[in-house]
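K.L.:
Now for the letters of each chain:
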Amino acid sequence: MSGKPRLTYLNGRGRMESIRWLLAAAGVEFEEVYLETKEQYDKLIKDGFLLFQQVPLVEIDGMKMVQTRAIMSYIAGKYNLYGKDLKERALIDMYVEGISDLMQMILMFPFSPPDAKEKNLESIKERATNRYFPVFEKVLKQHGQDFLVGNKFSWADVQLIEAILAVEEKVPDVLSGFPQLQVFKTKMSKMPTIKKFLQPGSPRKPPPDAHYVETVLKVFKK
Amino acid sequence: MSAKPKLYYFNGRGKMESIRWLLAAAGVEFEEEFLESRDQYEKLLQGGSLLFQQVPMVEIDGMRMVQTRAILSYIAAKYNLYGKDLKERALIDMYVGGTDDLMGFIMMFPFLSAEDKEKQHALIVERATSRYFPVYEKVLKDHGQDFLVGNNFSWADVHLLEAILMVEEKKSDVLSGFPQLQAFKARISSIPAIKKFLEPGSQRKPVPDDKYVETVRRVLRMYYDLKAN
Chain F
1 MSGKPRLTYL
11 NGRGRMESIR
21 WLLAAAGVEF
31 EEVYLETKEQ
41 YDKLIKDGFL
51 LFQQVPLVEI
61 DGMKMVQTRA
71 IMSYIAGKYN
81 LYGKDLKERA
91 LIDMYVEGIS
101 DLMQMILMFP
111 FSPPDAKEKN
121 LESIKERATN
131 RYFPVFEKVL
141 KQHGQDFLVG
151 NKFSWADVQL
161 IEAILAVEEK
171 VPDVLSGFPQ
181 LQVFKTKMSK
191 MPTIKKFLQP
201 GSPRKPPPDA
211 HYVETVLKVF
221 KK
Chain U
1 MSAKPKLYYF
11 NGRGKMESIR
21 WLLAAAGVEF
31 EEEFLESRDQ
41 YEKLLQGGSL
51 LFQQVPMVEI
61 DGMRMVQTRA
71 ILSYIAAKYN
81 LYGKDLKERA
91 LIDMYVGGTD
101 DLMGFIMMFP
111 FLSAEDKEKQ
121 HALIVERATS
131 RYFPVYEKVL
141 KDHGQDFLVG
151 NNFSWADVHL
161 LEAILMVEEK
171 KSDVLSGFPQ
181 LQAFKARISS
191 IPAIKKFLEP
201 GSQRKPVPDD
211 KYVETVRRVL
221 RMYYDLKAN
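Protein sequences appear in the order of chains F and U.
Just so you know, this note's numbering puts 61 at position 61 of the first sequence, and the rest follows in order with no gaps.
Just so you know, this note's numbering puts 188 at position 188 of the second sequence, and the rest follows in order with no gaps.
Only chain F is shown next, with the shape it has when bound in the complex (with noise of 0.2 Å):
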């Protein structure tokens, strides 16, 4: 057995893109199973794998993790990327929060019925642009400081450039009213771990397509 993590989940973004940027930031190489058919999934429930027979599932450290929020505290917490205190780790929840609600809208879009994709997608550009970004635009602003939170590279920033560029695949010019957005997308993007992860060949997944959406309605078939 490797002491690689090893990440149980479809071969697509959905609940575990997010796990994937974090540990790709963090420096850290994993290793993926993707669940291709109900059989397989069942198996996995079947065989005790999945606390609440739902995957993202992260084996790390002897643990058989799920809860997308979990996995991601411990691998912030356990490579440094939580803040040096309770205040600073405060913040870096409220913001990685915040995002995370951004990333719901994007992540239940390919599943949402054809008449209503316009408006889900006028729903993302809104909240992106009226509720999130002007958030983070002004906390860059206001400190000078080339990280969100602490002036130091924390989870706050890769959820954060990880929402960037989810938004930008369906609204282009976004960022157009954000320049300390522009800026910071630029900063993380030549981090040398996140770059790698921007490379073709990385574990970055793409956007999800027919055939994502069609994998998934079959493998979670009641």
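To be clear, the hints were calculated from the coordinates, so they are not data collected in a lab.
It cannot be assumed that every hint is accurate.
As the list claims (entries may be wrong) - If you want the footprint, here are the derived chain U segments under chain F, 3+ residues with CB under 8 Å:
(1) 48-58
(2) 67-81
(3) 136-144
Stated by the list, open to error - Some chain U residues close to chain F (C-beta under 7 Å, calculated; not the full set):
(4) Leu86
(5) Asp93
(6) Gly97
Ideal Cβ positions, reconstructed from N, Cα and C, are used throughout, including at glycine.
Following the hints, complete the assembly by docking chain U onto the known chain F.
P.N.:
This is chain U only, laid out in the frame that chain F set:
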């Protein structure tokens, strides 16, 4: 400004209730400001105290914290209800994630259409009895200790008790197949701080009623029904 944490939310459970539970369990007194009108909410927004324009908001230790999970994590850590190390923390986070998902089904219930309510009721009972309660039943049975994690009272225990009581409000005999959870419920309920919170006159909020739903809809201008899972 008082040193007590101050909670800003509606006069009802919603996303703030878990925070009330945790503060109470930690023996921390707190104040509350209840949102009753749209104007109050807009005033909070304009004052810039809601980072993402949302409540819950808790003023604590000089911060205006938002995002329920962030607030709960902070309180848990501050009052030593978060385990002794990273691995215990991971277990607590996993367990709380489960009870959070379960309570999420219950939280949306008052905002569903009449037709969806019936389906959701069945879903809540099904999930509680086949997905969530069996996990905690087994954890307690396997280690034989009083508390879920590390033989020490933690956030996970508070959250589980809250979830058990909420599901029981929907189906009173739901613990009938879970002897460990029955004992757990009795044990945790008798912890002085929790016992106090369970008594009339505490800051614990009642089951959401029509007035609560109407207030939330009016203040947030949320005039649509949520979609059931």
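K.L.:
Could you check the structure against the hints above and give me the numbers of any it violates, in ascending order?
P.N.:
3
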